[in-house]
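My request is simple: use the sequences and hints to build the entire structure.
Protein sequence lines correspond, in order, to chains L and D. First residue of the first sequence: 1, per this note's numbering; consecutive thereafter. First residue of the second sequence: 1, per this note's numbering; consecutive thereafter.
Rather than coming from a laboratory, the hints here were simulated on the basis of the structure. Any given hint might turn out to be false.
Below, simulated DSS-like cross-link-like pairs (lysine-lysine); rule was C-alpha separation at most 30 Å, straight line [unchecked claim]:
1. L:Lys-129 / D:Lys-253
2. L:Lys-366 / L:Lys-176
3. D:Lys-51 / L:Lys-54
4. L:Lys-227 / D:Lys-9
5. D:Lys-51 / L:Lys-230
6. L:Lys-340 / L:Lys-376
7. L:Lys-56 / D:Lys-51
8. D:Lys-253 / L:Lys-216
9. L:Lys-376 / L:Lys-366
10. D:Lys-51 / L:Lys-129
Okay, here's what each chain looks like letter by letter:
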Amino acid sequence: MMFDMLASGGGGPSSGLSAMIKDVLNASSVPEIFVPIMTVLTIVFLVTYRSWTKPKVAAGLGLLFVAFYLWSATDPNFLKIIVKPDNVPITIMLVATALVTWVAFRQAAINDARLERGEPLIESGADDKVLVWPDLVYTELICLVLCSVALVVWAILLKAPLEPPANPTNIPNPSKAPWYFLGLQELLVYFDPWIAGVLLPTFIVIGLLALPYLDKNPLGNGYYTFKQRKFVIWMYMFGWVVLWIVLIVLGTFLRGPNWNIFGPYEAWDPHRPAALLNINVSDVFWVVLPEKTGLWKPGLPTDDIGPIPAYLIREAPGLALLGGYFFVLPVVLASTIFRKIYRDIGFIRYVIFWTIMSWMFIVPVKMVLRWLFNLKYFVSITEWFLNI
Amino acid sequence: MSVFGNIGKYITESQVWGSVFRHGIPRDRRTRAMAVLSNVFLHLHPVAVRKSGIRLSFTWCMGGLTFFLFLAETITGVLLMFYYRPVVEYAYGDIISLRSHVTLGLLREIHRWGAHAMVIAIWLHMLRVFLTGSYKPPREFNWGVGVILLVLTLLLSFTGYLLPWDQLAIWAITVGSNMARATPFLGHEGPGAQLLMIGDVPLMHAGSDARFLLLAGTSVGPNALLRFYVLHCIFIPLVVLVLIAVHFWRIRKDGGISGPL
Numbered sequence: 001m002m003f004d005m006l007a008s009g010g011g012g013p014s015s016g017l018s019a020m021i022k023d024v025l026n027a028s029s030v031p032e033i034f035v036p037i038m039t040v041l042t043i044v045f046l047v048t049y050r051s052w053t054k055p056k057v058a059a060g061l062g063l064l065f066v067a068f069y070l071w072s073a074t075d076p077n078f079l080k081i082i083v084k085p086d087n088v089p090i091t092i093m094l095v096a097t098a099l100v101t102w103v104a105f106r107q108a109a110i111n112d113a114r115l116e117r118g119e120p121l122i123e124s125g126a127d128d129k130v131l132v133w134p135d136l137v138y139t140e141l142i143c144l145v146l147c148s149v150a151l152v153v154w155a156i157l158l159k160a161p162l163e164p165p166a167n168p169t170n171i172p173n174p175s176k177a178p179w180y181f182l183g184l185q186e187l188l189v190y191f192d193p194w195i196a197g198v199l200l201p202t203f204i205v206i207g208l209l210a211l212p213y214l215d216k217n218p219l220g221n222g223y224y225t226f227k228q229r230k231f232v233i234w235m236y237m238f239g240w241v242v243l244w245i246v247l248i249v250l251g252t253f254l255r256g257p258n259w260n261i262f263g264p265y266e267a268w269d270p271h272r273p274a275a276l277l278n279i280n281v282s283d284v285f286w287v288v289l290p291e292k293t294g295l296w297k298p299g300l301p302t303d304d305i306g307p308i309p310a311y312l313i314r315e316a317p318g319l320a321l322l323g324g325y326f327f328v329l330p331v332v333l334a335s336t337i338f339r340k341i342y343r344d345i346g347f348i349r350y351v352i353f354w355t356i357m358s359w360m361f362i363v364p365v366k367m368v369l370r371w372l373f374n375l376k377y378f379v380s381i382t383e384w385f386l387n388i
Numbered sequence: 001m002s003v004f005g006n007i008g009k010y011i012t013e014s015q016v017w018g019s020v021f022r023h024g025i026p027r028d029r030r031t032r033a034m035a036v037l038s039n040v041f042l043h044l045h046p047v048a049v050r051k052s053g054i055r056l057s058f059t060w061c062m063g064g065l066t067f068f069l070f071l072a073e074t075i076t077g078v079l080l081m082f083y084y085r086p087v088v089e090y091a092y093g094d095i096i097s098l099r100s101h102v103t104l105g106l107l108r109e110i111h112r113w114g115a116h117a118m119v120i121a122i123w124l125h126m127l128r129v130f131l132t133g134s135y136k137p138p139r140e141f142n143w144g145v146g147v148i149l150l151v152l153t154l155l156l157s158f159t160g161y162l163l164p165w166d167q168l169a170i171w172a173i174t175v176g177s178n179m180a181r182a183t184p185f186l187g188h189e190g191p192g193a194q195l196l197m198i199g200d201v202p203l204m205h206a207g208s209d210a211r212f213l214l215l216a217g218t219s220v221g222p223n224a225l226l227r228f229y230v231l232h233c234i235f236i237p238l239v240v241l242v243l244i245a246v247h248f249w250r251i252r253k254d255g256g257i258s259g260p261l
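Listed below in C-alpha cells is the structure:
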C-alpha cells in the first residue's frame, strides 16, 4: 500500500531539482511516511538537545526553515493553503513553538551542564529580589504595547474570513473543524468518533490534570532541565509535538477533498478515488489466517455457543489483544522497565498512569497497524456501536 | 521653577490627585511598594519578585499574554455585541455590515486573530510551566485550574466560530458537535446508549442526547446559534473570569513565580 501511494503521490511529469524535491515531499505527505519522519525528527531533536540548541546551530536551522517556507510559497498550491486566513495562525503557532522550544531546551542544556559541574543554575540568583514597580510592571507594559501593535497590524494585514452564508444543504468537501481540533479530527481516520472525539480528549484533560500527582520526581521544580526529568519530558513532548502539532499540520495542510492526502505542492483534486479496504482483527483471525494456514475452517462464527453470543466469539481474538494491552502489559511493564516508576508512585497512581499512557499510545499503535496491515478495528461489535 | 513644573506641582498637590493616588511618585522603595500595594490591579503582584523569575527567557510572558488577549477579546467582544444579533436571519448580514459599513473597521479582525493568538499563547504557557516543572508541589492545584482554563479557552474559541453563520462556521461546528453524538451512553450513536432503555423505549435518541443538549436541536440551526452565543458571550467568560481570579490568587499563595528551591 505504501508503495502504491508513493507511486501515485508524485503526480505528473517533472523536471529540475525543485520539481524533484517537490515530488519527494508530495510523496512523503502520506501519514505513513509523514508521521514517522516527524517522530524521528522529534526524537533526534530531544536526544541532541545539547547540540542543536547552540545559538549558531539553532539560527541555522531557523534560517533553513524560513528558506524552505519561502521557497515553498513560490508554489501556487502551497501558497493557497498557507494564506487561507484561518491557516495563518498555524504558521504563527509553528514558528512560536519552535522558538520557545529552543529557548527552553537551550536553558535546559546550559542548566544540565552546570548541574554536572556542580555549578549554580541559571535561575539561582540567591536572594536577588527586585521591586515589581518598576521592574515587572514596565516589562508587562512593554509586552502589552508590543502585543497590541502586533495584533492590530495582523488585523490590518489580514481580513477575517467570511464564506458564503450558511447553507445546511451544501456540504463543503472537505468539512474541517477549527484548526486547533484538527489533530482529533485526523484521528477519525483511525478511530470511531466515540474514541477520537470523546474518549481521547477526555483522557488528554484527565492526564494533564493528573500529571502533578503522578510525577513524584522532586527534581526540576522551577528551572529548565531535561536530564533530571527525562521520562516525563519525553512523554509530554511526544504527545504535544507528534500527536498534537504534527497531526494538526497533517489535518489542515495535507488533507483535501474526501479527506484524501494531498502533498503540499499538489492541487486539491476532488475526483481522486479513495478506495482502501481495511480489515478487522476478527477477519484476520477467522478468515485470512485459516485460509493461509489451513488450521481451522475459514469463516466468521455466526452461532451463539450457550449463553455466549456469536459476536463475542467472533471478537474474542481482538478482545484478547486489547485485554493483553490494557491489563497484562502494565503488569509485565511494572516488573520490568517500569519497575522503578511502579516503586516510586505505587499501585493506584500506576493504574491511572497506565490508563492515560495506554490511551495515548493506542494512537500510534493503531496508526502503525493501519499502515502495515490495513487494520480497521481490533474489536468491532456493531451490535453495541462498540468499535475500537 | 518653570511654568509646567508649577502646574504639575499644583495638580499633584491638589485634593483630587491625593484622593486617587495615596502615595508620592514612585521614586524610592517605599513609594514603589505603595504603588503596587495601593492599586487594585497592580496588587495582583507581590511587592518584590525574584529577578530570575521575571526574565523573559524564563516565563516567555505567555501567561500574561494570554490574560492580555482575554482582555482584548472581552473589549472587542463587547463592542461587537452592539452590532451583532444571534438570529439566523440577521447574523450573517450583521457581519457583512461590519465589514462593508465600517471604514477601516478592525473589530472583528482583532477579535478573531486575538482568539487564535490566545489559543496559541495558552498552549505555550502550558508548555513553559511544564518544562520548568512549575506544576510540582506546591502548585499542583493551580496547574489543574490552568488545565480547565485551557479547555474553556478552546470552548470559547469553538463557540465563537459559529457566530458569523457562514459556511465555514456551520460546517466546522457540525463536524465538532457530531462527536457528541457518539458519547458513550450519552450519545444516541455511542456505545452503551442502547442499554439505556425503559421497556422498549430508548432513553437516548437524536432528540435527547449529548449533542441535542449542545445544539438544542438535531442539527446546527437557529437554536444552536442562540445557545452558542450565550455560551460564548456570557456563560463561559463568567466561568473563566472566576477561574482566572483563582489562578492568579493561587500564584501568590503558592509562592509566586516558580524558581529553584
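Results of checking the hints against the structure:
1. Taken as a hint, the Lys-129 of chain L and Lys-253 of chain D pair is honoured in the structure, with Cα atoms around 17 Å apart against an allowance of 30 Å.
2. Only pairs whose Cα atoms come within 30 Å are accepted, and Lys-366 of chain L paired with Lys-176 of chain L is accepted, the gap being roughly 22 Å.
3. For the given pair, Lys-51 of chain D sits about 24 Å from Lys-54 of chain L by alpha-carbon distance, which is consistent with the 30 Å threshold.
4. Of the supplied pair hints, the one linking Lys-227 of chain L and Lys-9 of chain D is violated, its CA atoms being roughly 58 Å apart against a limit of 30 Å.
5. Restraint check: the Cα-Cα separation between Lys-51 of chain D and Lys-230 of chain L comes to about 27 Å, which is no more than 30 Å; the hinted pair holds.
6. With a C-alpha separation of about 35 Å, the suggested pair Lys-340 of chain L and Lys-376 of chain L falls outside the 30 Å cut-off, and the hint is violated.
7. Taken as a hint, the Lys-56 of chain L and Lys-51 of chain D pair is honoured in the structure, with Cα atoms around 27 Å apart against an allowance of 30 Å.
8. For the proposed pair Lys-253 of chain D and Lys-216 of chain L, the alpha carbon gap of about 22 Å is at most 30 Å, so the pair holds.
9. Taking the CA atoms of Lys-376 of chain L and Lys-366 of chain L, the gap is near 9 Å; set against the 30 Å cutoff, the hint holds.
10. At roughly 6 Å between alpha-carbon atoms, Lys-51 of chain D and Lys-129 of chain L fall within 30 Å of each other, so this suggested pair holds.
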